[in-house]
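Novice: Chains as they are written, first to last, in my numbering: chain A, 4 to 209; chain B, 4 to 209; chain C, 4 to 209.
Warning: the hint list may mix true and false statements.
Note that the list lumps identical chains together, so a pair holds whenever it fits in one copy or between two copies.
[To be verified] Simulated pairs of lysine-lysine, BS3-like, Cα-Cα distance not exceeding 30 Å:
#, residue 1, residue 2
1, 198, 86
2, 32, 93
3, 90, 31
4, 152, 32
5, 152, 93
6, 32, 198
7, 152, 31
8, 152, 86
Just so you know, the hints here were simulated from the structure itself, not pulled from any lab data.
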Amino acid sequence: MHYSFLHLIEVLGLFSFAVSGAFFAIEKKLDPFGVLIISFVTAIGGGTLRDIMIGNLPVGWLRNLTTIYAILSASFLTMFFEKYVRKLTKTLFLFDALGLGFYTILGIELAIQQHLSIGVCMALGTITACFGGVIRDVLLNNVPLVFRKELYAVASLAGGGIYFLLKETSLNADVSKIICILIIFSIRAIAVRYKIMLPLFYAKRN
Amino acid sequence: MHYSFLHLIEVLGLFSFAVSGAFFAIEKKLDPFGVLIISFVTAIGGGTLRDIMIGNLPVGWLRNLTTIYAILSASFLTMFFEKYVRKLTKTLFLFDALGLGFYTILGIELAIQQHLSIGVCMALGTITACFGGVIRDVLLNNVPLVFRKELYAVASLAGGGIYFLLKETSLNADVSKIICILIIFSIRAIAVRYKIMLPLFYAKRN
Amino acid sequence: MHYSFLHLIEVLGLFSFAVSGAFFAIEKKLDPFGVLIISFVTAIGGGTLRDIMIGNLPVGWLRNLTTIYAILSASFLTMFFEKYVRKLTKTLFLFDALGLGFYTILGIELAIQQHLSIGVCMALGTITACFGGVIRDVLLNNVPLVFRKELYAVASLAGGGIYFLLKETSLNADVSKIICILIIFSIRAIAVRYKIMLPLFYAKRN
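Pulled out of the complex, with its shape left as it was, chain A reads as follows (with noise of 0.2 Å):
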């Protein structure tokens, strides 16, 4: 039951990744083939980072059919009724903020398994949920939106952080899963609610 409720939530947020990959090349005007590549890269980017850099190679998606699918239906579904699609506004957020929590712990979970060191760890769950939205940001020509924007990334930090506490107790693994997964999902809801963003603690440039 567990496994279903996760595989749920890895679809979910692969497709709403997807999906704002897909707005954000549709507003710079690229073609269709252009903005399936956009939506495939923000929805794997951050994975794929992930697999080369710990060398899980052939990297995990090129053998996953069902997240090819997911990506691509995503895509053509913003293509073809993007009216309909922008109206999901509020749904999408959720479902992003999910799969920011989900891609997370996944992201630690493959780490963990290379016998990293736990703040390598962590940097690479936030890598697996944050950098397909960084690469698409380059190919887009624009400064990554994770670097300025409400606490995203370090929503994944943090419920990276909690996860290897959780890991301490006898806590199901699943049931910590799930846990950080709604942590993470509950501070950017938070941040975005109420616009929290990180202090700029150095002087601004002029």
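Starting from the known structure of chain A, fit chains B and C onto it as the hints suggest.
Specialist: Frame of chain A, contents of chains B and C only:
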């Protein structure tokens, strides 16, 4: 005979990719080192990304001196004889379109060796042929041309699909390859001649 | 003794790479998470790219806590004490030029272990030393500085060439390394002092 024909196409494609990189870099007023790097990246970027993603490491061109010399000579010839090379635009376009075909098929063959699914093989063929240009555009701070211009990646994808169809027939492998390269070449040439683009079937932003 | 000298240069180089990344990120008004990431990428980007290309996975710094702590402290010190760190520009320039030398030689050594040809080893040395800055500039949406500024990569390439010449002599390996690091350091320092750039021997665009 077929082998040497394919080899000739490879070197011509590589050469024209490197020249195109050098032109773009000169336009951005990079210094000679920058021009050299952009030439390299344009020519080997797609293959490098493919090799990294499928775990074919060290990446192929690190051990291939022919590749390196072809790129070096293309880059320096373009820098020293820019005016003359510019007059060859049409010839270079033909080489580039042949290279597009050749690298698509090469990428597909290497992906098949990893037992990946047909769609993923086609994607890796297209990545091999097109992503050198994507990395070039990212380094030069442009939105990638391939996401906006006339049927570049789509020619590659179409040729890749036909390659899998031809594999089902009793046709000789080298003949299949040459047919697909010529098909990709023709789609690309016709698209440029008649300015055929992918239709933007989603609402335009205002 | 030589080992500890080389180790000192490594940490100083890493530190100044990370500080330079933080400065660039602060100028672009990134949030503290963004500053941290740009610091990291600037400091370890070149080595990461080298490790990925030669298949030295998981990439080195994932297992190297000294590297991680040096970068973290550089990044946070720059954020908290930006005004004071700015006054150290000259000192940091010297560290940076030493780091350029150190990472060139480190990259060459790791490439030699893979039995790659001399030219490729020199290229990988230069990639190690320079591509952190390239990735930093790409993430910050700038055309990479290294393609335009005073003899940065060229100093690295020249020092790499001399390293291979010195390997033919009976000189002690550590002494060779230190000589090459000092040569790279000197070329870079002289280039900046006298604003020496590579000549643009191709026609300028208007």
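Novice: Decide, hint by hint, whether the structure agrees.
Specialist: Hints versus structure:
no.: 1; hint: 198 to 86; result: both (26 Å within a copy, 29 Å between copies)
no.: 2; hint: 32 to 93; result: both (24 Å within a copy, 28 Å between copies)
no.: 3; hint: 90 to 31; result: within (20 Å within a copy, 33 Å between copies)
no.: 4; hint: 152 to 32; result: both (23 Å within a copy, 11 Å between copies)
no.: 5; hint: 152 to 93; result: within (17 Å within a copy, 34 Å between copies)
no.: 6; hint: 32 to 198; result: both (29 Å within a copy, 17 Å between copies)
no.: 7; hint: 152 to 31; result: both (20 Å within a copy, 14 Å between copies)
no.: 8; hint: 152 to 86; result: both (25 Å within a copy, 25 Å between copies)
The structure agrees with every numbered hint stated previously.
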